[in-house]
Amino acid sequence: MPAPRPSFEALWQKLAPHVRAAVLRCRPADSALDADDLLQEVRIRVWQVWQGDRKSQLRASYYYKVVNSAMVDALRRHRGTLAGAQREHDDGLEERLDRIDSPEPGPDHRLADDHRRRRLAAALGALPAERRRAVGLFLQGFTVPEIAELMACDHDRAHNLTYRGIRALKRTMSDDDG
Amino acid sequence: MDEMMHELARLRRSAHGRRCPDGARLARLAQGRVWPWQRRELIDHIAECADCAEDYRAVRMARDGLVQALGLPDPELGREGAFPPLAWLTGAAAAPVLAVLLHASLDPSSTPSAFDPATDRLFASDFDGARGKAADVPADVLFASDFDESGHG
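Residue numbers (the numbering used here), protein chains in the order written: chain A, 40 to 217; chain B, 29 to 181.
Among the hints, a few may not be true.
What the hints assert, rightly or not - In silico lysine to any residue, SDA-like type, Cα no more than 25 Å apart, as pairs:
id	chain 1	residue 1	chain 2	residue 2
1	A	LYS53	B	ARG85
2	A	LYS53	B	GLN96
3	A	LYS53	A	TRP89
4	A	LYS94	A	ILE83
5	A	LYS53	B	ASP92
6	A	LYS94	A	ASP147
7	A	LYS53	B	CYS77
8	A	LYS209	B	CYS77
9	A	LYS53	B	ASP72
10	A	LYS94	B	GLN96
11	A	LYS53	A	ASP73
12	A	LYS209	B	GLY93
13	A	LYS209	A	ARG158
14	A	LYS209	B	PRO101
15	A	LYS209	A	ARG157
16	A	LYS53	A	SER95
17	A	LYS53	B	ARG91
18	A	LYS53	B	MET89
19	A	LYS94	A	ARG157
20	A	LYS94	A	ARG158
21	A	LYS209	B	ALA78
22	A	LYS53	B	ASP50
23	A	LYS94	B	PRO101
24	A	LYS94	A	ARG82
25	A	LYS209	A	ASP147
26	A	LYS53	A	ARG84
27	A	LYS53	B	GLY93
28	A	LYS53	B	PRO101
29	A	LYS209	B	ASP72
30	A	LYS209	B	ALA81
Since the hints were made in silico from the structure, they are not lab data.
Chain A extracted, bound-state conformation (with noise of 0.2 Å):
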């Protein structure tokens, strides 16, 4: 005869660590939410799916994506949504003004800089592909090892990849330059 199921405090228990932490490192840096409110939303989508699911029919690998879906969608919702629309209201005359004087870089530095973001993007888009990859992760943040698990390569696969495509970059830039 089946056990009945877990309570929902139980199951929570031993999810909500895990998504806390997750929620935590990951969330916006600008984010007007506190990661409890994160992790609240992520309890309510997990809640919703334990009491639609009275006879236990669902499985373990079911839960770990509602998991995952809810996580993310409440790291996007929350995202340049509420903490952008708190700057824009925050942004009023005196800040402009005070604007003026900083040494934030102004219009020309700006499209120095794009006309580069730009060189730099089509350098990444003629490197072959999986050059192109894994350097399209390093400079998002990845580190070698984590690229390697990306790929599903090795970890001298992925190093090579990423140094290759980064030394190939730099030469590209460099003949700009030049």
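On the provided structure of chain A, position chain B as indicated by the hints.
Showing chain B alone in chain A's frame:
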């Protein structure tokens, strides 16, 4: 209000014509439960989309803990199981495998199953009656491979 914020965030992400993968796809990538061509597509996107790179980090960070908490098989082992080296393939053994791969390539929604169905249950030690049952769950939130009725119905 919440709906509006969600829509704004969605529009912001798709401003450059990108279609960001949802959390479930990122989770499958973190588990190694994607076909190689799906992996390439996802990596191409993550390499260009800072938001999805962050989302992937969150999913990856939670992965091991959640897998352990839910009693799922180790994703690292699963990945090995999902894509065995092709060196052992010889003659007749290659045919059915190629047929399966061909079928999978024609079905874009398919995913390699890295899980052992016998243990892929919610707290399998707590109850034996767990069965995947797609009919009770909205179709838009399902993995086809999660509810493979034929294997263990």
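Next item on the list: Verify the proposed pairing of LYS53 of chain A with CYS77 of chain B, using a straight-line Cα cut of 25 Å.
Entry: violated (31 Å)
Check: Taking 25 Å as the top limit, are the C-alpha atoms of LYS53 of chain A and ASP73 of chain A close enough?
Finding: holds (21 Å)
Note to self: Run the distance test for LYS53 of chain A versus ARG84 of chain A: straight-line Cα separation, threshold 25 Å.
What the structure shows: At roughly 15 Å apart (the allowed maximum being 25 Å), ARG84 of chain A and LYS53 of chain A satisfy the hint.
Checklist line | Restraint check for LYS209 of chain A with ARG158 of chain A, where alpha carbons must lie at most 25 Å apart | finding: Status holds; Cα separation ~11 Å.
Note to self: Would the hint linking LYS53 of chain A and MET89 of chain B be met if the CA-CA limit is 25 Å?
What the structure shows: Holds, because 15 Å separates the two Cα atoms, which is no more than 25 Å.
Margin query: Between the alpha carbons of LYS94 of chain A and ASP147 of chain A, is the straight-line distance 25 Å or under?
Written below: violated (65 Å)
Notebook entry, point to check: Taking only the CA atoms, is the gap from LYS53 of chain A to GLN96 of chain B under or equal to 25 Å?
Noted result: holds (9 Å)
Checklist line | Given pair status - ASP72 of chain B, LYS53 of chain A, alpha carbons within 25 Å | finding: violated (33 Å)
Margin query: Hinted pair, alpha-carbon criterion (25 Å max): LYS209 of chain A, ASP147 of chain A. Please report holds or violated.
Written below: holds (24 Å)
Notebook entry, point to check: Taking only the CA atoms, is the gap from LYS209 of chain A to CYS77 of chain B under or equal to 25 Å?
Noted result: Given that 25 Å is the threshold and the Cα spacing comes to 22 Å, the pair holds.
Next item on the list: Take the C-alpha atoms of LYS94 of chain A and PRO101 of chain B, compute the straight-line distance between them, and say whether it is at most 25 Å.
Entry: holds (23 Å)
Margin query: Please verify whether LYS209 of chain A and ALA81 of chain B have alpha carbons no more than 25 Å apart.
Written below: With Cα atoms ~23 Å apart, LYS209 of chain A and ALA81 of chain B stay inside 25 Å; holds.
Of the hints listed earlier, those the structure fails to meet are numbers 6, 7, 9, 12, 14, 19 and 20, in rising order.
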